[in-house]
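J.: With chain A fixed as given, assemble chains B, C, D and E with the ligands onto it according to the hints.
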Amino acid sequence: QNEQFIPALVYRTGPYAPNGIPFANGVADYWTLLNERDGGINGVKIVFEECETGYATDKGVECYERLKGKGPTGAAYFSPLSTGITFALTDKVPGDKIPLLTMGYGRSESRNGAVFPWNFIAVGSYWTAADVAIQHIAKELGGFDKLKGKKISLVYHDSPYGKEPIAALEARAKLNGFDFKAIPVTHPGVEQKSQWLAIRQDRPDYVLLWGWGVMNSTSIKEAAAVGFPREKVIGVWWSGAEPDVTPAGEQSAGYKALMLQHGPGKFAVHADLEKNVVSKGKAAAKEDFAQVLYNRGLINSMIGTEAIRTAMKKYGNKPMTGEQVRWGFENLNLTAARIKELGFEGMLQPLRFSCEDHQGADVARMQQWDGKAWKTISDYYKADDSILAPLVKENAAKYATEKKITARDCSKES
Amino acid sequence: MIAFGQFLEVLVSGLLAGVLYSLVALGFVLIFKASGVFNFAQGAMVLLAGLALVRSLDFMVAKGLPFWAAIVIALLFAAVVMAITAWMVERFVLGPLINQDGLTLFMSTIGVTFMIEGGAQMLFGSDVYPLRLFPSDAWFLFEGSFPGGILVSKIDVWGGLIAAVLVVGLALFFQKTKTGRALRAVADDHAAAQSVGISLNWIWFIVWLVAGLVALVAATVWGTKLGVQFSITFLALKALPVLIIGGFTSVPGAIVGGLIVGAGEKLAEAYLGPFIGGGIEYWFAYVLALVVLMARPQGLFGERIIERI
Amino acid sequence: MSSAAAPLASGISEKAVPEKSLLSVNNIEVIYNSVILVLKGVSLDVPAGGIVALLGANGAGKSTTLKAISNLLRAERGDVTKGKILFESNEVQNLSPNELVRRGCIQVMEGRHCFGHLTIEENLMTGAFTRTDGKAAVMRDLDLVYGYFPKLKQRRNSQAGYTSGGEQQMCAVGRALMSRPKMILLDEPSMGLAPQIVEEIFEIVKHLNEKEQVSFLLAEQNTNMALRYARYGYILENGRVVMDGDAKSLSENEDVKEFYLGISDGRRKSFREGKHYRRRKRWLA
Amino acid sequence: MFYRETGQFKTSYAADMQIFPIRQDRIALWVLLAVAFIGIPLLNAFHIWPFGNEYMLRAILIPFLILSLAAIGLNILTGYCGQLSLGSGAFMAIGAYSAYKFGTGVHIPFGLFDLSIPPLPMLPSILLGALMSAVVGILFGIPSLRIKGLYLAVATLAAQFFFDWVFIRVKWFTNYNSSGSVSAPDLNFFGFVVNAPIERYLLCLIFVAIFALLAKNLVRGNIGRQWMATRDMDIAAELMGIRPLYAKLSAFAISSFIMGVAGALWAFVYLGAWEPLAFSIDRSFQILFMVIIGGLGSILGSFLGAAFILVLPILLDQVPHALGVPISVETVSLLVFIVTGALICWLLIVEPRGFARLWSTGKEKLRLWPYPY
Amino acid sequence: MRAPDGPPVTAGDVLLSIDNVSLSFGGVKAVSGVSFDIRKGEIRAIIGPNGAGKTSMLNIINGFYHPQEGVITFKGEARARMRPHDAADGGIARTFQNVALFRGMTALDNIMAGRTLKMRRNMFWQMLRIGPALAEEVEHRHRVEEIIDFLKIQEIRRTPVSRLPYGLQKRVELGRALAMEPELLLLDEPMAGMNIEEKEDMSRFILDVNDHYGTTIALIEHDMGVVMDLSDRVVVLDHGIKIADGTPNEVKSNQAVIDAYLGVAH
Ligand SMILES: Nc1ncnc2c1ncn2[C@@H]1O[C@H](COP(=O)(O)OP(=O)(O)OP(=O)(O)O)[C@@H](O)[C@H]1O
Ligand SMILES: Nc1ncnc2c1ncn2[C@@H]1O[C@H](COP(=O)(O)OP(=O)(O)OP(=O)(O)O)[C@@H](O)[C@H]1O
Ligand SMILES: [Mg+2]
Ligand SMILES: [Mg+2]
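Protein chains in written order, with the numbering used here: chain A, 237 to 650; chain B, 1130 to 1438; chain C, 2 to 286; chain D, 7 to 379; chain E, 56 to 321.
The following block holds chain A by itself, in its conformation from the complex:
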């Protein structure tokens, strides 16, 4: 069979469904596009199957076990879109030899490909995000020196996901001399009155928001209720999509969020999608077409399929095994030209993985919700590696000792 099987862990029901649905749609539609337009990847048809996780780790593991062996060569890669599932699978994928594509989420230290050969935290980690957010604040204030003595609070989802950025922010706080305060919100985040009252009294200069699902819109509403200026609230890229702002209505106007490089809106690839997928009635998307999370789903699929394509260059145009796809990821080089060719120009900067670097890029932009639409308001910031690299190194080393992993020597790999 000339079929490449790719599993999709999704959550289209449950508390995080409003955010899970557009992402899953984007993921699926891009694969459909490849099949419809190109007949797959280099003639190998993509077959995919969704499995509902409901954002629950144990369901995610079950889905993983169910799908990992499907298709002629097994699953090409997994993308769980959940930090919890990512953590659980990180331990399993080396045994099953399947790469894990966690674009913009998951373990920040898994950027270190020597210790995490199977994890690809493509495009950006939470530490990237945290660093870029501070850079943007500095720019708004007029320079890094202005950060000194300022107060920045982090309102976060009380889970590994929400806690990831704290390390990077603390490092930044030490460096730039601002007061940093972390304020947890219990899952799922429907009640945040006391947190925002504290903010009202504390009057921080900025609030960073690390929420997911209902927590985001609730935060924005509470910010509005306590009169905290929305312009001073900066969300991570998982807090910067349409479902996060629409429930709060006009109260969201002014709210800012990071972009995982891309925003909403139609680009070249969307024209292809409309022509080959939407018009044929094969689209999963409905009104979420070209929304933020939908576009992110597209990019997620694109990076995955490009990795497969890269692998095929080495192993031939046939279905790839997980191990081969891993090689493909590690040697993936998405140049600006290639990105343009794929129709993603404007959504993504060049991206290049290597043995040491499983993140491939560390730039991000800022967008702002004007009450009706997201508007890009900044140019690309590059995360400061002098701060993040030691963090990655330290944490990866810790993981390696804990798990008794001997790190690969990347200098020896071709």
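None of these hints come from the bench; they were simulated from the model. Since this is a predicted model, take the numbers as computed values, not measurements. Worth double-checking, as some hints may not be accurate.
Quick list of in silico lysine-lysine cross-link-like pairs, DSSO-like style, CA-CA up to 27 Å [to be verified]:
hint, chain 1, residue 1, chain 2, residue 2
1, C, Lys152, E, Lys307
2, C, Lys83, D, Lys177
3, D, Lys222, E, Lys173
4, C, Lys85, B, Lys1307
5, A, Lys410, D, Lys177
6, C, Lys183, C, Lys152
7, B, Lys1307, C, Lys258
8, C, Lys258, E, Lys307
9, A, Lys522, A, Lys576
10, C, Lys85, C, Lys41
11, D, Lys177, A, Lys387
12, C, Lys136, C, Lys212
13, B, Lys1307, C, Lys270
14, A, Lys468, B, Lys1283
15, D, Lys177, A, Lys639
16, B, Lys1307, C, Lys21
17, A, Lys608, A, Lys502
18, D, Lys177, A, Lys629
19, E, Lys207, C, Lys258
20, B, Lys1305, C, Lys152
21, A, Lys410, A, Lys386
22, A, Lys417, A, Lys634
23, A, Lys634, D, Lys177
24, B, Lys1192, A, Lys522
25, C, Lys41, D, Lys369
26, A, Lys608, B, Lys1192
27, A, Lys554, A, Lys518
28, D, Lys369, C, Lys83
29, A, Lys618, A, Lys387
30, A, Lys417, A, Lys382
31, C, Lys270, E, Lys307
32, A, Lys410, A, Lys382
33, A, Lys550, A, Lys281
34, D, Lys177, A, Lys417
35, A, Lys640, D, Lys177
Have a look at the derived ranges for each label pair, beta carbon to beta carbon [as the list claims (entries may be wrong)]:
hint, chain 1, residue 1, chain 2, residue 2, range
36, A, Gly607, B, Ala1132, 33 to 39 Å
37, D, Ile114, A, Gln237, 55 to 61 Å
38, A, Asp621, D, Phe116, 36 to 42 Å
39, B, Leu1252, A, Gln237, 34 to 40 Å
40, B, Lys1192, A, Thr571, 47 to 53 Å
Note that CB positions come from ideal geometry on N, CA and C, so glycine has one too.
T.: Frame of chain A; chains B, C, D and E with the ligands shown alone:
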């Protein structure tokens, strides 16, 4: 003065937040008091009511109806949906389970929860749907005395008013009417209630209907606060400590419990949280409930647990 | 009310088959949990205005029979698998219990079953749940019940769960009276009551029967009392009716005397004289 | 016809007090154990359906065994001792995190002297972890002396939410990992590292078999009768000399010990890496469902309930796919919700006492067969 | 109002004495200023109209209710307050007016549960159920089987008690109390809801327990026939007050008793 202003602000917002929990807790109380069933499905019913309301409202507005007319029709539609639910629950689940013990009935309401959650999302979608029925900005009171004033959310005040009206109405209903008495009888002993000619089927339909309508009211308030979406079902967990503190069987208890829980958890989060790490609201409410129970095992206003031999 | 379908059994037996039966049970079979067969064909008749006693040892199936009639069986996972039950000549085995109460047939369950959290007075008032004849009439009957059981009046505001066993029993009987029934199924009304009160309860039964034309089917262990007040009796053993007859002939039957009245050789035996675990002689079923 | 106890005479009370007094039952049990311990490894070794891949072991049998164990734990508390608890998740979490700490080395600076325990081997880690769970279980069991029924159930939620919070907030438990998520150390049992799915399966099976037997012994012994007496009528039990303090707290201790073991296995063997959400309130409810659906007060029921609650949704999820019906995952998972809910209700209507009772009624019928009663 | 104690009917010391005991619930005076004693080896009946405080009296004796006033002396030891299981430890067992069996257990387990206090093996041994633990279990099973034989309930050993008819439940309950090998057995209306034949059986059991084991029995019963025939001495309560105390015959002809309780002379 600032400190006192802050304290007052946290207290007031806590009290009001608590009353909003009470709105959900009331639904539990109703069904427990009237049938001895701990209705796990109350959170799901709020979701269902909210979805039915917001989806039909959106539909009607899209059709070009004036907003007020759309609201009236949508409320009616949601009420009908709740009535149908009540009827089905009675007919297919509780009816056949007459005379079973509390745990079995509790478990069956969990089955009902699954069905409602699945059905509601299948019929009305699992996205987030904004609802705007109440103003969601705030008043700032006593700005003269406290810098920045005391913040009071308007929607919380609305919620509080509605809850108060509901409580008075329901309390009168239970204590003063023949049906109210019958409901309490059913809660004590199904078989005996049947033997004196109380129709359990009818009673259960009525009480689930009323609980459904209370859920609809809760959905209007909470839907405005959160947007109508699956997470609304988690309110049930916030309502539980309210329920225990007030006592499962007391309608006014639901309000008092709400006030205590709301004020307690917000004050704890504000004044204790910073020292031990924050995010303590959830368990604090439950620990508060535990402490109250140690003093009064049936909650503050619950009926005495009869221990005789 | 249709009196058209008169029982056709007239003349089949010498026993005084009442010409107008209010309740008739025809050969019913009851199974619990779909495995335990308890009633194996029980038939009985209660004439309008009659008092009929249902006697039998523990576990013979008296309560089961009553519950089958009042349709409370289903709630205990029991089922009437065969036979018919007619009340006022209408089949009732598929009615809901409350419909039956509405039609005038109410059961006083064995083991009290008061509503523990309701006060005595509220308990009594629930008995009037199905009535539609106005508050005044209900209040009159409440006074009547208090008249029968002054002890209840004393305790009217106590929660029933905290009253003594006997008080609860009175409450249960009083509650049934509140529905103004045509027929009462009384399950062990005398259990746990002081002799004086037992006497009173049976007097009340008699009074209601004579003055208000209420019919009774009593399941009773106190055979002595039951046969004194009933006109007709059935004896149930092991889920079957083994003997029936009018009260007088039953109480003169030697076996009944021995086993149910504790009289042998013409005198009451002392309980001290009980032989060691007599093997019971049983009627052939 | 063939299921009869007639002709099987017991000559001693010891024989009469076996777990399965009827010979046919005993044979069935041995067959089952043989299948579990020998048959499945064999099938797996030769990749015979349904063990063609690891899915059956990893995604179904292992979680099934572990959750059955947890259900046994809760069944002791709720089914046998009548103390309704919604805190199972917390006790599993305590087992998991304590075992993790013991497995990776405990270090508590006490000022004057430091308490330092070097990393312990797996077995003692798990057992000590479970012991911690038992201790906390006793602590949170104390309110049960005063609080009853549903009130107690909701009070146990205090434990649930408190420990959810503790394991998120207290970094010590997660060895100061920045994200607060931890991953299990090697499953090293006396030098043998358990790794392959079949080894993991056997490990769980051994734990489950042993604890199920111990639990069964307890519940049919004196302490078990004390628990049941307390459950059925606590006042009368006390009047007969059963100390509620001892009966209830021992139930809490044993139950949380077993749940602690289950928690450690869940974390170490099934998940590998976990965060507190793995032991959230949802887990508590899941286990409670298992116990109620399986049958309160029945060890066998714990297994049946676990199978139903865990496996049914997984199977339902795959039905449309297997049949080739094109339905979106969203619809499927909502349908799974609805069908699971409906089946729960249906089952309760058929038999409110759960599978265990259904099972024994079935046996009763079999004994009477071919007569209906 | 205190009736003079009759001449000693049964030889024996005072096992239990109640001295001026009062108990009230809120406004309800369940027992007020009652004194009487129970002698070793006798059958002592407590009678009185409904709500007179008989059950409350038993509840006081075995520590379930704590009287506001008065002293209870059991086996020479005065005590004001004790926990129910201490009473059980001391050798007081009872049956209940509304059958209080452990409904989810079989008859056998119910009676075995009565042996709890006599069983010594700790949880660890029970868990393993080998050696001494098994031996203990078997030994107690023997004792319980004796009781089962004695009460003639062999057939229902393995039946869950909730399925038993009322009369048999009462018998199992008696068995459970007997399993405790009590010195003082409190029976609260053991024959309510039984027919004559069953009452005769039950009477036989009570007498046998009294004869064979020398167990002292306090008996509440509304059937005057039973009371008259079985008991050695009778105490009569009304409205929480003792109105008579004496031999059955004395009590039977006491006018106060007739007025308050019997209605007609028996
Ligand atoms: N819910 C039940 N499930 C199974 N068996 C039952 C159930 N209820 C009653 N039985 C059985 O049915 C038989 C008849 O019981 P029933 O209660 O009708 O007897 P009864 O004549 O009223 O006895 P008693 O005088 O003791 O009240 C008994 O053997 C009893 O074990
Ligand atoms: N826990 C309690 N709370 C309130 N009142 C109580 C309580 N226990 C008993 N009483 C009251 O005390 C009085 C005596 O009750 P008790 O049960 O002792 O009566 P009794 O003599 O056993 O009557 P019966 O023969 O009807 O069983 C009754 O009026 C009862 O309502
Ligand atoms: Mg009966
Ligand atoms: Mg009494």
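J.: It remains to establish, for every hint, whether it holds in the given structure.
T.: Verification of the hints:
no.: 1; hint: C/Lys152 to E/Lys307; verdict: holds, 23 Å
no.: 2; hint: C/Lys83 to D/Lys177; verdict: violated, 69 Å
no.: 3; hint: D/Lys222 to E/Lys173; verdict: holds, 22 Å
no.: 4; hint: C/Lys85 to B/Lys1307; verdict: violated, 34 Å
no.: 5; hint: A/Lys410 to D/Lys177; verdict: holds, 20 Å
no.: 6; hint: C/Lys183 to C/Lys152; verdict: holds, 26 Å
no.: 7; hint: B/Lys1307 to C/Lys258; verdict: violated, 48 Å
no.: 8; hint: C/Lys258 to E/Lys307; verdict: holds, 25 Å
no.: 9; hint: A/Lys522 to A/Lys576; verdict: holds, 25 Å
no.: 10; hint: C/Lys85 to C/Lys41; verdict: holds, 13 Å
no.: 11; hint: D/Lys177 to A/Lys387; verdict: holds, 24 Å
no.: 12; hint: C/Lys136 to C/Lys212; verdict: holds, 22 Å
no.: 13; hint: B/Lys1307 to C/Lys270; verdict: violated, 51 Å
no.: 14; hint: A/Lys468 to B/Lys1283; verdict: holds, 23 Å
no.: 15; hint: D/Lys177 to A/Lys639; verdict: holds, 19 Å
no.: 16; hint: B/Lys1307 to C/Lys21; verdict: violated, 36 Å
no.: 17; hint: A/Lys608 to A/Lys502; verdict: holds, 16 Å
no.: 18; hint: D/Lys177 to A/Lys629; verdict: holds, 20 Å
no.: 19; hint: E/Lys207 to C/Lys258; verdict: holds, 24 Å
no.: 20; hint: B/Lys1305 to C/Lys152; verdict: holds, 25 Å
no.: 21; hint: A/Lys410 to A/Lys386; verdict: holds, 12 Å
no.: 22; hint: A/Lys417 to A/Lys634; verdict: holds, 26 Å
no.: 23; hint: A/Lys634 to D/Lys177; verdict: holds, 15 Å
no.: 24; hint: B/Lys1192 to A/Lys522; verdict: holds, 20 Å
no.: 25; hint: C/Lys41 to D/Lys369; verdict: holds, 23 Å
no.: 26; hint: A/Lys608 to B/Lys1192; verdict: holds, 22 Å
no.: 27; hint: A/Lys554 to A/Lys518; verdict: holds, 25 Å
no.: 28; hint: D/Lys369 to C/Lys83; verdict: holds, 25 Å
no.: 29; hint: A/Lys618 to A/Lys387; verdict: holds, 23 Å
no.: 30; hint: A/Lys417 to A/Lys382; verdict: holds, 18 Å
no.: 31; hint: C/Lys270 to E/Lys307; verdict: holds, 18 Å
no.: 32; hint: A/Lys410 to A/Lys382; verdict: holds, 14 Å
no.: 33; hint: A/Lys550 to A/Lys281; verdict: holds, 18 Å
no.: 34; hint: D/Lys177 to A/Lys417; verdict: holds, 17 Å
no.: 35; hint: A/Lys640 to D/Lys177; verdict: holds, 22 Å
no.: 36; hint: A/Gly607 to B/Ala1132: 33 to 39 Å; verdict: holds, 37 Å
no.: 37; hint: D/Ile114 to A/Gln237: 55 to 61 Å; verdict: holds, 58 Å
no.: 38; hint: A/Asp621 to D/Phe116: 36 to 42 Å; verdict: holds, 41 Å
no.: 39; hint: B/Leu1252 to A/Gln237: 34 to 40 Å; verdict: holds, 39 Å
no.: 40; hint: B/Lys1192 to A/Thr571: 47 to 53 Å; verdict: holds, 51 Å
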